[in-house]
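Each chain is listed here by its residues.
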Amino acid sequence: MFHALVAVKQVPDTTNIRIDPDTGNLVREGVPAIMNPYDAHALAAAVEWKHKLNGKVTVVSMGPPSFTVTIREAIEMGADRGILVSSRKLAGADTLATSYVLAEVIKAIHAEDPIDLIFFGKQAIDGDTAQVGPGVAVRMDLPIVTYAVNIRAVDLDDDTVVIERRTERWTEVMETPLPTLLTCEKEIAEIPFAPLPDLIKSLKYEPEVWTEAGPVEFDVNQIGVKGSPTIVYKMGTPPLPEAGEKINAREIGVQAALDFTFGKAEEAGVLSTMLGGAE
Amino acid sequence: MSNERIEFDAIVVGAGLAGSAAAMVMAREGLNVALIERGQKPGGKNYFGGAIYTHAIAEVLPDYQDRKPPFERPVTEAGFWFLSQTGLTRMTVQGGKLDTEPADAYITLRASFDAWWAEQAQEAGAFLIPKTAVTDFIRKESGEVIGVVTDRPQGEIYAPIVIICEGVNNLLTQKLGLIDRDLEPAEMALAVKQVISLKPEVIRARFGLSGEDQGLAVSVLGDVSLGLPGMGFVYTNKASVSVGMGVMLDVLAEYRLQPADILQRYLQHPAIAPLVEGGQLLEYGAHLIPEGGYKAMPKLYTDGAMVAGDAAAMVNALHWEGTNMAIIAGKLAAETAIEAHSRGDFSQRVTSRYEDRLKEGFILKDLKQYRGFSKFLETHPQFMDVYPNFVNDAIGQFFTAYGKPKQELFKGMLGGLTDRRSLIKAAGDMISMARAVMGW
Amino acid sequence: MTARRFWVFIEQEQGKVHPVSWELLGVARNLASQVQEEAEAAGVEVLVEGVLLGHNVRGIAEEAIKYGADHVYLMDDPVLEHYRNCPYYQSIVAVAGKYQPEVFLIGATTLGRDLAGAVATSLGTGLTADCTQLEMGTVKGANQLLLLATRPAFGGNIMATIVCRHHQPQMSSVRPRVFPTPAYDPDAEGKIIPEDVDATEEGARACILEFIHAKEDTVDIEYSDVIVAGGRGLGSPEGFELIKSLAHAMGGVVGASRPCVDAGWISSSHQVGQSGKTVRPKVYVAAGVSGALQHKVGMQGSDFIIAINTDPNAPIFEVADVGIVGDLYEVIPAMIAEINARKEASA
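Chains as they are written, first to last, in this note's numbering: chain A, 1 to 279; chain B, 1 to 440; chain C, 1 to 347.
The hints are simulated quantities; they were obtained by calculation from the structure and are not laboratory data.
The C-beta atom is built at its ideal place from N, Cα and C for all residues, glycine as well.
Certain hints may be false.
[Stated by the list, open to error] Computed list of lysine-lysine pairs in PhoX-like fashion (alpha-carbon distance at most 25 Å, straight line):
1. B:K425 to B:K411
2. B:K131 to A:K186
3. A:K264 to C:K140
[Claimed, not checked] These stretches of chain B come out as covered by chain A in the derived footprint (C-beta under 8 Å, 3 or more residues):
4. 78–90
5. 127–133
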């Protein structure tokens, strides 16, 4: 039976982040927590193929108990089984420790119930590193296709998959043996409006919770803070850019505004560039 | 995934004040209730002034205080403000009858309150299904309602009784044929409001409240609505102020007014502006309010279904009552549904008992009594401009008459009225007002 | 360890070098100079070295030397002709194991990001993505200077400095155009060191069936001197026609803010910002762009920024050299006319 596994993460909705005008700090209240959008599209693709091939989807998420709501959202979107890997000892992990834990968990699931495709979103919108997917692939010694925009074919007899991968310059059509890990762009699938039975199932769903003690035993030196070679050494605010001048075209007129602009451009030495190099 | 029917003992459409009340009451009796809400969370689509009246909450949840409802402030001071172009007369009462524990009314914000209210329904055992809109009914050939259709794929839910608490846009109520005509714009008001943040100390200072356990709720009449039929309100929250107003839709259309513009004018009024100065706009929103009252009410029941709350036009505008009617109506509909289950009969024979129950209490009585009120305001615009202006001028004159012969003062004050409206007409207005309010 | 090696991955595809490779050679040279004193005191050499994989790419190795590499490790083999994750990361891991570099920089391109995580995981070391500042600094408890890698976090509001204290190589990925291109020295000398490639076609596992070159525009906006970007203020996808006209008049390319791409108004190859591209053109025109942090971090390094927005409080005005409060549908046509008039006048 076709078995897809999707790694999902809960992130703050960074498009809605505000700065407190008095303190200059991040306003964290009221910032909704969402499923990482790239993970959501990856999951939608997995569910699409589950329906096509009459299979099943397992989701895995590593995080605090608050990630339960994200696992329920995954069930609503069509996943069959949700596993939350949660424990204080796993917290503070950088991408290396995270890929270690996820790889161990996925290996354990694979041993009991062979997985054909492992889906990741291309990056998480809070960390933006795009490192965990490739890290897991290396640890599991799997071929990886990043920036996947379309799964053309899955052949369960031949054990191959054909995936379109988009780079800056072109799209590559890659064929890899199963199991394969892919990291997905939003284009890979649209997120459907869940059928009512799936929504109702998600509302009642309790994820399985795995901790650092079991069912998988982790090497304590590779998890959490201990397993993270990188640490945040310090944090600071970025240097404030110096704002230039603001003029109101409605007050002084468009032409005056343009004259001012081109004058400034000349001072800055970019006027010839603006004129397409013709001066 | 099997294709089994999704079935419940009862369905409630809308997890607002009426809906969660109905769900709560039925779930407590052991019924399997589906509470269907189209928003992400209950309350996300609800908006009001406003204050919640505790008598209604207590009827459904006697131990509500132990459950820590998210009230902002108790109403310890309430009354009317009369705005003229540049003036303001305040008539409020504090203490006395308002000094009760718990208070009769608590100022609230709907997003948090409705969410809490729905949680109580869930705790009682109701099953909340969010992010799902009911679009139609499943009916027997005879027309009896036996379930609903939602906007999701495979989205049919069966139940022998459905309580419709869908709010002011009562499309489902219309689909059931319970309304014999479209509501007219004259029967709807658009309420707009802003929630403006202010530090609690500032609220205390500006509104004369002695502590955080004190709150002010006022109805504002007069220049708030440019002399058009409508009323404004001011409510003090913990760390913000809700200011807004409602204007009848037909008037807005006739004068081609944007409610946002009227609200801005109100906020810039010389008496109002200082109250909100320095605050940050937290929220801005608008909501329709059914004002047609008794005459605009649909039939409240049919085979297999009942209607409660705004969907049934249960609003008394003068008294800012709608939420309590919704809650009580939800409860009464639930009791009727429970009765239907015990009798095994979901037809009109039993659902009509809902209307009987409504007649016993205040809801239908008041709606009947006030049925002429909104229309009255429309046909008597002097209550929005002449009289508030007169009150402001007269009292203002009283307090600036130092050194003037007082005979002239009183003539002047009266003249302030008779210049605008003859005594006879004014007397007639008062009688008409009494009739509109008393329902004669 | 007889030398302190500062490595840069030289990225090439189909024989074409990605210019970020040169930018990183400049950074590596800078970092190397910062440890010079410390290294000399220990009697140790400091080297800037490139790592180049491909087939028939020796010419690129020579160019790398002109951009500042002391050595270039060259792995040239048919199995490496087109980028694939397995043979590439395995080959790099092999040479890294052999030479034990101290710092390893990779460009944060799609290829680079596909590769970097695999290399770092395989080597069990730390990797900091999308760094905007890199320097060698003193870290408590460390007996030599370590790489301080700074990157924006939480949409650019906070700058976080990351260190990797106990593992090597200390790895960082850097977006194109964050750092300037170093000088090209045609007389520079260095060594090209060929290395064996053990990767096999079987081990590669991935097979590229075809390359599809897009019919719709996949523009590489990162290296253009002029970018005209449109934002939500355009109001509709048709607004991009006006943006295109201005870009054309200025001899530049079209950029876009994320909401426009999300709304499907224009393809993501034009997206500027945290989840798009980082650009530093000479001239950047932001029309109808509010200037949310996620966008600003992608373009605030531009030399001259012109912002046009009807909202005087739009954050974009905080980074603009000239901010025009006005309607872009009035200002831009006038700007195009002005440009054409001036071109004619000087023609």
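To see whether the hints hold, each was checked on the structure:
Of the supplied pair hints, the one linking B:K425 and B:K411 holds, its CA atoms being roughly 18 Å apart against a limit of 25 Å. Proximity of B:K131 to A:K186 is assessed by CA-CA distance (about 23 Å); at most 25 Å being required, the pair is judged to hold. In summary, the hint linking A:K264 to C:K140 is not supported, as the alpha carbons are separated by about 46 Å, beyond the 25 Å threshold. Against chain A, the segment 78–90 of chain B contributes 0 residues with a C-beta closer than 8 Å to a partner C-beta. That does not satisfy the three-residue criterion, and the hint is violated.
With 5 residues carrying a beta carbon less than 8 Å from a beta carbon of chain A, the segment 127–133 of chain B meets the three-residue requirement, and the given coverage holds.
Hints 3 and 4 from the earlier list are contradicted by this structure; the remaining hints agree with it.
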